[in-house]
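Dock chain D against chain Z, hints included.
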Amino acid sequence: MLLSVHATVGAIIGDNVNTSLLAFVLAFISHFILDIIPHGDAKIIKAYRNDFKNKGFLYLIIFDLISTIILLALLFYSHKISFSQTVFWGIIGGILPDLMVASHEISEKFFRRWHKIHSWTHDRINWAIPLQLGVIVQIIIIYLILR
Amino acid sequence: MFLTVHGAIGIIIGQHIKSPVLAFLAGFISHYLSDIIPHGDTNAPEKWKNPIHIATAAFIDSIILLVFLLYLGTKVNILNLATVSAFFGSLLPDFLQGFYFLSNKKIFRRHQSFHNFFHFLIAEKFEWKFNQGIIFQLIIFIILITFII
Numbered sequence: 001m002l003l004s005v006h007a008t009v010g011a012i013i014g015d016n017v018n019t020s021l022l023a024f025v026l027a028f029i030s031h032f033i034l035d036i037i038p039h040g041d042a043k044i045i046k047a048y049r050n051d052f053k054n055k056g057f058l059y060l061i062i063f064d065l066i067s068t069i070i071l072l073a074l075l076f077y078s079h080k081i082s083f084s085q086t087v088f089w090g091i092i093g094g095i096l097p098d099l100m101v102a103s104h105e106i107s108e109k110f111f112r113r114w115h116k117i118h119s120w121t122h123d124r125i126n127w128a129i130p131l132q133l134g135v136i137v138q139i140i141i142i143y144l145i146l147r
Numbered sequence: 001m002f003l004t005v006h007g008a009i010g011i012i013i014g015q016h017i018k019s020p021v022l023a024f025l026a027g028f029i030s031h032y033l034s035d036i037i038p039h040g041d042t043n044a045p046e047k048w049k050n051p052i053h054i055a056t057a058a059f060i061d062s063i064i065l066l067v068f069l070l071y072l073g074t075k076v077n078i079l080n081l082a083t084v085s086a087f088f089g090s091l092l093p094d095f096l097q098g099f100y101f102l103s104n105k106k107i108f109r110r111h112q113s114f115h116n117f118f119h120f121l122i123a124e125k126f127e128w129k130f131n132q133g134i135i136f137q138l139i140i141f142i143i144l145i146t147f148i149i
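First to last, the protein sequences are chains Z and D.
So the first sequence is numbered by the working numbering: it starts at 1 and just counts up by one.
So the second sequence is numbered by the working numbering: it starts at 1 and just counts up by one.
So here's chain D without its partners, still in its complex pose:
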């Protein structure tokens, strides 16, 4: 899923759990659980399935996430420890995936397999087309925003 969607889920978790440690853990777990939902990225065009295209897509996703955070900053207070912890917890699995692309070290390879397990749990049987997946995630994101603001 997009970083933006994971980040939004993390912020909602942080708004409801006061302990920063628990919020971080809940955000971290939420990433894998939300990745179970089919979201079209396994149907991305083959020519995009290389580290640079993934990094460019992550770059776009990160900019949108940054803009989203700045926008939230004009509406609600998100700068408290629990929200920030849950937010980073919810993004961490994708950062670990980034390290895997950069280093290909054993520990990151293991995490990548673990991460992929959740990705393909349902997607093996049912998956959106790539474009449908983008629209689906956009709808989820809009619904999530209504919970935050």
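Just chain Z, same shape as in the assembly:
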């Protein structure tokens, strides 16, 4: 799932709990729960594994990073969430699993167990939906969470 969804959910969790540790742990768990929802990135990741020159994955990474920064900036700017230590740790907990997966992807060594757990959550619901639909699903999730 997009980093922006995980970061937003992490920020909201952080905004609603009292301690940084709780924010971090709950946001970390939320990442795996959210990833159970089909979100359409399986095909593009598979294409990347078969062909390193596949640029779709590159564009997805760029879109993901930019949308995360914009979404977080909007959340803080609109005062939907006020920035605090718990929000900070919520965001970190929310995005950390993807950081570990990316580290495993390039090193093929670190965080092997987390990578397996991450893949396991992705495979819980075996619906192959197209990426475009997956992005719409994620936009709806963000809308519902922020409503």
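For the record, the hints were derived by calculation from the structure and aren't laboratory data.
It is possible that some hints are incorrect.
[Stated by the list, open to error] 30 Å max Cα-Cα, derived BS3-like pairs, lysine-lysine:
{"hint": "1", "chain 1": "D", "residue 1": "49", "chain 2": "Z", "residue 2": "46"}
{"hint": "2", "chain 1": "D", "residue 1": "75", "chain 2": "Z", "residue 2": "55"}
{"hint": "3", "chain 1": "D", "residue 1": "49", "chain 2": "Z", "residue 2": "43"}
{"hint": "4", "chain 1": "D", "residue 1": "49", "chain 2": "Z", "residue 2": "80"}
{"hint": "5", "chain 1": "D", "residue 1": "106", "chain 2": "Z", "residue 2": "55"}
{"hint": "6", "chain 1": "Z", "residue 1": "46", "chain 2": "D", "residue 2": "125"}
{"hint": "7", "chain 1": "Z", "residue 1": "116", "chain 2": "D", "residue 2": "49"}
{"hint": "8", "chain 1": "D", "residue 1": "18", "chain 2": "Z", "residue 2": "55"}
{"hint": "9", "chain 1": "D", "residue 1": "47", "chain 2": "D", "residue 2": "129"}
{"hint": "10", "chain 1": "D", "residue 1": "47", "chain 2": "Z", "residue 2": "109"}
{"hint": "11", "chain 1": "Z", "residue 1": "43", "chain 2": "Z", "residue 2": "55"}
{"hint": "12", "chain 1": "Z", "residue 1": "43", "chain 2": "D", "residue 2": "47"}
{"hint": "13", "chain 1": "Z", "residue 1": "55", "chain 2": "Z", "residue 2": "109"}
{"hint": "14", "chain 1": "D", "residue 1": "49", "chain 2": "Z", "residue 2": "109"}
{"hint": "15", "chain 1": "Z", "residue 1": "55", "chain 2": "D", "residue 2": "125"}
{"hint": "16", "chain 1": "Z", "residue 1": "109", "chain 2": "D", "residue 2": "106"}
{"hint": "17", "chain 1": "Z", "residue 1": "109", "chain 2": "Z", "residue 2": "43"}
{"hint": "18", "chain 1": "D", "residue 1": "47", "chain 2": "Z", "residue 2": "116"}
{"hint": "19", "chain 1": "D", "residue 1": "75", "chain 2": "D", "residue 2": "106"}
{"hint": "20", "chain 1": "Z", "residue 1": "43", "chain 2": "D", "residue 2": "75"}
{"hint": "21", "chain 1": "D", "residue 1": "75", "chain 2": "D", "residue 2": "18"}
{"hint": "22", "chain 1": "Z", "residue 1": "80", "chain 2": "Z", "residue 2": "43"}
Model, not experiment: these values are computed from the prediction.
Structure of chain D alone, referenced to chain Z:
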């Protein structure tokens, strides 16, 4: 060098130069100057030297940079025009490098050669091993943080 290190240098520049334009230019130039310092990335494993692995590494680097910015947000005010300008100026050469990987257009190829010139200026004669380079950059980053906070 990591985006995180360039970004930290940019923020320090922005804290000391009040004009946003000058801060941007100083940040931009600082990128090439700091890339002259050997930092191990030319010794990255051969199998990593492809656009996707570089993009994944940049993804990790960007997340760490984002976390670093959020952390700074709890400590100091970095949301002023000069700091933001210097910050983006210091990252711009790597964005241009990203465009080169995506498009391979002539203008980006030229910039890539220019960028590589600074990378290899000293690294041709002396270069850290890849792991040493990561530790070296981590040490620089920690020192830079002490200047910001």
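Outcome of the hint check:
1. D:49 x Z:46: This hinted pair holds, its Cα atoms lying about 20 Å apart.
2. D:75 x Z:55: Roughly 38 Å separates the two Cα atoms, so the pair is violated.
3. D:49 x Z:43: 23 Å, holds
4. D:49 x Z:80: 42 Å, violated
5. D:106 x Z:55: 19 Å, holds
6. Z:46 x D:125: Since the Cα atoms of residue 46 of chain Z and residue 125 of chain D sit roughly 40 Å apart, the hinted pair is violated (cutoff 30 Å).
7. Z:116 x D:49: 25 Å, holds
8. D:18 x Z:55: Violated. Residue 18 of chain D to residue 55 of chain Z sits at ~39 Å, over the 30 Å cutoff.
9. D:47 x D:129: The given pair, whose Cα atoms are some 16 Å apart, holds under the 30 Å limit.
10. D:47 x Z:109: Holds, at roughly 14 Å.
11. Z:43 x Z:55: The given pair, whose Cα atoms are some 13 Å apart, holds under the 30 Å limit.
12. Z:43 x D:47: 23 Å, holds
13. Z:55 x Z:109: 25 Å, holds
14. D:49 x Z:109: 17 Å, holds
15. Z:55 x D:125: The given pair, whose Cα atoms are some 34 Å apart, is violated under the 30 Å limit.
16. Z:109 x D:106: Status violated; Cα separation ~37 Å.
17. Z:109 x Z:43: Measuring from Cα to Cα gives roughly 24 Å; hence the hint holds.
18. D:47 x Z:116: 23 Å, holds
19. D:75 x D:106: The hint is violated at about 42 Å.
20. Z:43 x D:75: 41 Å, violated
21. D:75 x D:18: Roughly 20 Å separates the two Cα atoms, so the pair holds.
22. Z:80 x Z:43: Status violated; Cα separation ~34 Å.
The structure fails hints 2, 4, 6, 8, 15, 16, 19, 20 and 22 (numbered hints given earlier, in ascending order).
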